[in-house]
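Undergrad: If you read the sequences in order, they're chains A and B. With numbering that gives the first Met the number 0 as the guide, the letters of the first sequence map in order to residues 0 to 410. With numbering that gives the first Met the number 0 as the guide, the letters of the second sequence map in order to residues 0 to 221.
Check each hint, because a few of them may be wrong.
[Said to hold, decoys possible] Below 25 Å or equal to it, Euclidean Cα-Cα: the simulated DSS-like pairs (lysine-lysine) are: (1) B:Lys218 <-> A:Lys382; (2) A:Lys141 <-> B:Lys45; (3) B:Lys87 <-> A:Lys194; (4) A:Lys408 <-> B:Lys218; (5) A:Lys379 <-> B:Lys218; (6) A:Lys376 <-> B:Lys84; (7) B:Lys84 <-> A:Lys408; (8) A:Lys408 <-> B:Lys166; (9) B:Lys136 <-> B:Lys7.
Simulated from the structure, these hints should not be mistaken for laboratory data.
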Amino acid sequence: MLPKISRYFLLIVTVITLAYVLPSIYNTLFDTRINKPFITYSQTKKDYFTYRNVDGKPKYFDRKNKEYNQYEYLDATPIMNFHYHLGKGTLPDSFAGVKLIPQQLRMESTFQFFEPQQLFAPAYGLYPLFESRPEFGLAYPKDMFRINRRIEFIDAKSNTINEEKSRKYLEALIKEGFHFPARIVSGLPTLMKSKDEGWFLTDNQEQLFHLMMVKGEPYVKHIPLPAGVKLKIIECNDFDSGEYFAILISTGNGIYTLNKRDYSTTRFPIDDYVPENQTMNIMGTLFDKTVTLYREDGVKLYTVDRSYKLVDQHEELVPLKSTMTIGKVYSFLFPFQLSLDSPYNSFIRFTPVKAATWSWIILNIVLLGITVWLIRKEGKSLKKSIIDLLVVAFTGIFGFLAVHIIPNKQY
Amino acid sequence: MLRSIFYKEWIKIGKITLLFLVLGILIIAGIYLTVRHDLVLTDAEKIWDGIVNQRQIYFTIFKFLPLITGLVTGFAQFVPETTDKRIKLSLHLPMNEEEVVLKMVGFGAITVLSVFIIFFLVFYAWGIVYFPYEILKLASLTVFPWFLSGLAAYFLTSFVILEPIWKYRILYMLAGGAFLTLFYKSNRAGAYQPAIVPLAACVLLTSISSLFSIYRFRKGEM
């Protein structure tokens, strides 16, 4: 009995292995690149321009699919591509009644993105608290803090807790109404920034706080959020424009800016962002911001003006792999796939992904027929092979290979 | 009888086990002496920053040691059994054949597991001197799949070696090799956290695989 059980155990492991390995090999051999279109907004033309590579040459198309060469595109987007026009001396003096000052254009030119892998990623839970108003430039702190039941600063050299500093920050946080432990801790833990703005934290009661070290002393500020808003993501930036500290994503997937001038929040008029499976980028200029949402089946853009009113929007669809030949053959071969890694997740996770269509049933039936034929040819009992037949019927090519790699000899 | 089986198995794998135990401890010592050296020569916070924010893994040299330990232990234990079909002697002992094989594999698995536990304890206990538990927690979650791959390698090696027919040995090696790649799909610390339990379950499923090879051997497959 035990040897038979051991065979079934081996069948399970082999099916799991093949369900990962075979689709991976198939994708390695036959995968095709689907270019997500790069789309920019033109303030002067009030139109979106899509970049496509046509016969190895960059071509741009407006919403009416009119073709532009690279020079025409650059002329149509003087604000977005002001560097090019500065170099050529073709930057307009003003636009929409606003004088175009190169330094201001540079400061207001911002780019920020957030991808699903950042949401699902292993984290250490240790954070460096920089001196935010240093005398002689940013320096990496000698300690890192953890913020669980209390805040603790751990000195890196001695690997011991700095009790005095920890107590000082604990008192400052409690005084401002912080309830431990922290849920979200977001900042820029790098020296590659122009200035430090500390950390933004949410506490156990979903309240938002700003934590900094100013001249060695704690600075803690409770930031009021709009009624009913709970945060899922805080993504900080280091923009010269000084407009907002961070992008906030609520649990309802609302996108907000956390403004520097008064810690207020401003919501983008966007309701279809899903951070779990879409990449978002926000491109800002002196005149507007364009939010691009990259989905599996397309790209959607929203452009808002300086007061976050919707100016324009645009959507382009891309072909899904499942509708292409590679996807159709894939669905025919594999009834499912065992996914370990994912573009939406930094963790390794056993995730069964079912085929996009039901065409695999044909191959499963054929393989089942071949298995029955082979069993009869070898003079084995069908009754004693019922589990093997079920494995082939349900797992298709994976089970077919597994039952033949691990043979069912009937002694 | 049990003591005699264990003694026989220990004769085969004792030296190799001690060799890998010493090798592993030397590698771990090398890892932490390097960490200590770096902490003396550079700023400690920069080393922490490298690990926490730059995704550096300070113990990558350890990555394939458990796998090699499992493979070599399996070889050392079962190749002598298949040479001149000596396993027949064990199968003719006055006890159930499956029990004999399970005890042989069990002894080897406990030996490999004991070596891994010692590796892990030394790795963790030495690490906590230099790093906070957050770093050791993710480091542990990173090395767990490597240890699991070592155990799986041991079970699969015994399964392959005891298989009597070369054609199937090659097929098992291909399938087993593909299975072992599942343990090395990410270079990010802690990435395997959600996969550890399913992987451990798969390793458990392979643990009695030798019974299938022995069953085929006993039935006269050549």
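Undergrad: Find the hints from earlier in the document that the structure breaks and name them by number, from lowest to highest.
TA: Hints 3, 6 and 9 not satisfied by this model.
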